[in-house]
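Enquirer: Turn these sequences into a full structure, and let the hints steer you where they fit.
Read top to bottom, the protein sequences are chains A and B.
For the first sequence, our numbering gives the first residue as 31, with consecutive numbering after it.
For the second sequence, our numbering gives the first residue as 315, with consecutive numbering after it.
In case anyone wonders, no lab produced these hints; they're calculated from the structure.
C-beta: ideal position from N, C-alpha, C; glycine also.
Do not take every clue at face value.
[Unchecked claim] What the simulated footprint calls covered on chain A by chain B, stretch by stretch (three residues with Cβ under 8 Å from a Cβ of chain B suffice, anywhere in the stretch; the number is not a length):
#1 75-83
#2 87-96
#3 129-137
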Amino acid sequence: QVQLQESGPGLVKPSQTLSLTCTVSGGSINSGGYYWSWIRQHPGKGLEWIGYISDSGRTKYKPSLKSRVTISTDASKSQFSLRLRAVTAADTAFYYCARDDTTGLFDNWGQGTLVVVSS
Amino acid sequence: DIQMTQSPSSLSASIGDRVTITCRANETIRKYLNWYQWKPGKAPKVLISSASNLRSGVPSRFSGSGSGTDFSLTISSLQPEDFATYYCQHMFIAPYTFGQGTKLEIK
Chain A
31 QVQLQESGPG LVKPSQTLSL TCTVSGGSIN SGGYYWSWIR QHPGKGLEWI
81 GYISDSGRTK YKPSLKSRVT ISTDASKSQF SLRLRAVTAA DTAFYYCARD
131 DTTGLFDNWG QGTLVVVSS
Chain B
315 DIQMTQSPSS LSASIGDRVT ITCRANETIR KYLNWYQWKP GKAPKVLISS
365 ASNLRSGVPS RFSGSGSGTD FSLTISSLQP EDFATYYCQH MFIAPYTFGQ
415 GTKLEIK
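Expert: Structure below.
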């Protein structure tokens with residue numbers, strides 16, 4: 031059973047870069063047939079898909095976030111990462127990593143991590 | 315972006331009740347609709363994919379239906395472990411979007 035676990039700072043200052051890592055266990059991030067995604071949930075609000083990276087390194091991002099987002103992988107560590115630049119308070123959210131079976135179905139999720147943007 | 319409208323936002327029900335949650339897209343998404351269950355402190359779980367396909371290991375009391383713009387998730391007989399928050403999500407085309415969620419509470 032594949033498991034995903036988010037990690038990273040819980041507090042980021044405005045204008046800085048939010049960096050999170052998702053560690054995948056029980057399966058290879060390079061096995062093919064999956065996209066590795068980030069999704070966030072603003073407190074008390076709905077879920078927002080941020081983007082994904084494929085096993086070949088192809089990325090796709092939500093257009094409204096594209097200018098600030100980078101998703102990358104480190105296959106040697108079975109990890110993929112999210113970088114969100116120039117954050118503001120509006121980026122305060124629970125961040126989830128998830129596995130997409132390439133159809134847009136998120137069949138495995140991490141438990142999420144709260145990131146607060148505040149000085 | 316395709317907008318997903320889920321209703322109700324909250325629902326109180328009793329053990330054994332039959333409940334239905336609806337989800338509407340603002341344009342057709344054919345059958346590209348998934349349902350997830352969220353419980354505090356746990357990883358979200360996919361229940362239904364492609365509008366009506368019950369995922370492996372999910373109890374048969376859960377069912378999904380619909381196509382085009384209107385969808386529903388039905389729990390035929392509520393069990394204690396079903397009290398959670400439920401989200402719909404379209405996978406028609408990126409960016410994928412979610413409904414606002416339905417919190418199912420014990421009456």
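Enquirer: Out of the numbered hints, which ones does the structure contradict?
Expert: Violated: none.
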